[in-house]
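From first to last, the protein sequence lines stand for chains V and C. All letters in the first sequence, in the order written, are residues 27 to 193 by this note's numbering. All letters in the second sequence, in the order written, are residues 82 to 516 by this note's numbering.
A few of these clues could be false.
On the chain C side, residues computed to face chain V include the following (Cβ under 7 angstroms) [said to hold, decoys possible]:
| no. | residue |
| --- | --- |
| 1 | Arg-142 |
| 2 | Gly-145 |
| 3 | Ile-146 |
| 4 | Pro-380 |
Calculated directly from the structure, the hints in this document are not laboratory data. Everything numeric in this text was worked out from a predicted model, so none of it was measured. In this text, a Cβ means the ideal position worked out from N, Cα and C, and glycines have one as well.
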Amino acid sequence: MSGGPGRVLVVGVGNAARGDDAAGLLAARLVRPLVAGLEAAGLVAVVTLEGDLLPLLDLWQGARAVVVVDAVTTGAPPGTTTRLDLTAGPLPASLRAASTHALSVAGAVELARALGRLPGRAILYGIEGRSFARGAAVSPAVADGAARAAVAIAADVEGLLTPPRAA
Amino acid sequence: MATRRIEVGALARVEGEGGLRVVVEGDRVQEVFLDIFEPPRFFEAFLRGRAAQDAVDLTARICGICPVAYQMSAAHALEKAFGISPPPGVRALRRLLYCGEWIESHVLHMFLLHAPDFLGHESGISMAADPALRPLVERALRMKKIGNHLVTIIGGREIHPVSVCIGGFFRAPARAELAALVPDLAWGLENAVDAVRWAAGLAYPAFEADYEFVALRHPDEYPMNEGRLVSSGGLDAPVDAYDAHFVEEHLAHSNALHSRFLRDGRSYLVGPLARVNLNADRLSRTARAVAAEIGLALPLRNPFMSLLARGLETVHAFEEALALVEAYEPPDPPRAPAVPRAGVGAHATEAPRGLLYHRYEVDADGRITAARIVPPTSQNLRRIEEDLRGFVPSILAAPHDEATLRCEQLVRSYDPCISCATHFLRLQIERTLPA
Numbered sequence: 027m028s029g030g031p032g033r034v035l036v037v038g039v040g041n042a043a044r045g046d047d048a049a050g051l052l053a054a055r056l057v058r059p060l061v062a063g064l065e066a067a068g069l070v071a072v073v074t075l076e077g078d079l080l081p082l083l084d085l086w087q088g089a090r091a092v093v094v095v096d097a098v099t100t101g102a103p104p105g106t107t108t109r110l111d112l113t114a115g116p117l118p119a120s121l122r123a124a125s126t127h128a129l130s131v132a133g134a135v136e137l138a139r140a141l142g143r144l145p146g147r148a149i150l151y152g153i154e155g156r157s158f159a160r161g162a163a164v165s166p167a168v169a170d171g172a173a174r175a176a177v178a179i180a181a182d183v184e185g186l187l188t189p190p191r192a193a
Numbered sequence: 082m083a084t085r086r087i088e089v090g091a092l093a094r095v096e097g098e099g100g101l102r103v104v105v106e107g108d109r110v111q112e113v114f115l116d117i118f119e120p121p122r123f124f125e126a127f128l129r130g131r132a133a134q135d136a137v138d139l140t141a142r143i144c145g146i147c148p149v150a151y152q153m154s155a156a157h158a159l160e161k162a163f164g165i166s167p168p169p170g171v172r173a174l175r176r177l178l179y180c181g182e183w184i185e186s187h188v189l190h191m192f193l194l195h196a197p198d199f200l201g202h203e204s205g206i207s208m209a210a211d212p213a214l215r216p217l218v219e220r221a222l223r224m225k226k227i228g229n230h231l232v233t234i235i236g237g238r239e240i241h242p243v244s245v246c247i248g249g250f251f252r253a254p255a256r257a258e259l260a261a262l263v264p265d266l267a268w269g270l271e272n273a274v275d276a277v278r279w280a281a282g283l284a285y286p287a288f289e290a291d292y293e294f295v296a297l298r299h300p301d302e303y304p305m306n307e308g309r310l311v312s313s314g315g316l317d318a319p320v321d322a323y324d325a326h327f328v329e330e331h332l333a334h335s336n337a338l339h340s341r342f343l344r345d346g347r348s349y350l351v352g353p354l355a356r357v358n359l360n361a362d363r364l365s366r367t368a369r370a371v372a373a374e375i376g377l378a379l380p381l382r383n384p385f386m387s388l389l390a391r392g393l394e395t396v397h398a399f400e401e402a403l404a405l406v407e408a409y410e411p412p413d414p415p416r417a418p419a420v421p422r423a424g425v426g427a428h429a430t431e432a433p434r435g436l437l438y439h440r441y442e443v444d445a446d447g448r449i450t451a452a453r454i455v456p457p458t459s460q461n462l463r464r465i466e467e468d469l470r471g472f473v474p475s476i477l478a479a480p481h482d483e484a485t486l487r488c489e490q491l492v493r494s495y496d497p498c499i500s501c502a503t504h505f506l507r508l509q510i511e512r513t514l515p516a
């Protein structure tokens, strides 16, 4: 389970036991068949991560690029997807605060940035969640959002595998 | 009376499900409410009717930081219910697995979550960006990774391990798999000792409380999987007598249950501070040596010094892991058959943040008919509120931001399980000032 060397890594993050918090895990599962050929060729790896997110730093070590997908709450309608280029600059401070005993995705990203361990290309897909009830399933609108995010991620992955053109 | 309300979004993660509210009138603290959801309550309900082994796998999902603790308490309790004794070697392998989790959890908390409060940084991230502290962060990440690796080798994966079962393990690692970790564990031990020396030099806020410490105590070992329930107030009882000594109650302001002694209604403290105070003589040789070197005076009654206690336990975990790996022979067979029978089993083990009690009733087919899970945070909630009540008067003269930070720092000392899932803690201090 690793991103490198030279691969594009897709990481779905979330909590399978907390309703819409599983959106990132669902999106990663939906991405897999869309990039199956690339994964079989060793160009792409699709993984999921629950709980402690510090292993992200090791997961993406050596990766050409990483796409992280997670549930977010910004006040937008459930299922809304957001794409953020993590290499463009630090995430907003409101997303970065640490909890008492774990790091958020944003925390892991910013820690990696501070340590120079963020891959050269890094993208975050957020899927707006609404209900995080324990034991609940992902709500239909959020599942639709995860499906849309999966299609967008698969397209992103192809772009990330293409070396940037010289100016 | 003029009322000033100040809200501070703190310890944020994804959604707001918990909060800390402190109400101060003049220089008197009127109310302290700590409100934290406790996911295990719902697990207790949906475990009913499921196969016993499901408890071992499902309760691990309660926490992404301490899944091993949930697995250990569940497996031991259900083995008691079924009357099963795991084969020789399983006991040592379970202790080794627990060492991995203690290392992971303690190192994360000490360096990345609690240390920033002492070092004037907003987070472990800003510490990492500080050239002077970056080596400390790098070292912490390497130490934590060793703990993760240990859990991965024994548990099958680093989060929510899958190898633990009633009766032992589904699979025991080969000797060579664990032997490869010896250099890392030796490095970890050396660096854990340095970490204690570093922690001894931190400036701890001057605050002490009159705790009754509660932890397991074993005749020969520092407590992890086994021991009697003991307290600094004289409690000494078998672990399955937990319910005869402690009770949980629902308070109107909180969705979490609060624990107290049945005996006198008093709160109690579980976790690293309690374990070190009650079991210092069972710490590993190096942990005891470094405790002596820094002049550690027991009992520690300053909750902020839980960081130091975690440091000593990290030394212990590395040293014990090293000894267990060097002596390791794969248990063969790796498990005893889990033959169901109707019964009741109760057990507690020492999760990184304190005593974790499980009790199960099972029917003759091995189906769970009742489950009870009392996590350490639930046991400490009452104590955290009492600490805040005692601590806040000493910081009222401080600027609001500083007072807020110190309250957060105190809550963080407990490493409470607020963020097992998608919680966050919002801190609110209301000050009612004389008109």
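Hints, one by one, checked against the model:
Hint on C/Arg-142 holds. Least Cβ distance to chain V is approximately 5 angstroms, under the 7 angstroms limit. Contact between C/Gly-145 and chain V, as hinted, is supported at the beta carbon level, the nearest pair being about 2 angstroms apart and thus within 7 angstroms. Checking C/Ile-146 against chain V: minimum C-beta separation of about 6 angstroms stays under 7 angstroms; hint holds. At about 24 angstroms, the closest approach between the beta carbon of C/Pro-380 and any beta carbon in chain V exceeds 7 angstroms, and the interface hint on this residue is violated.
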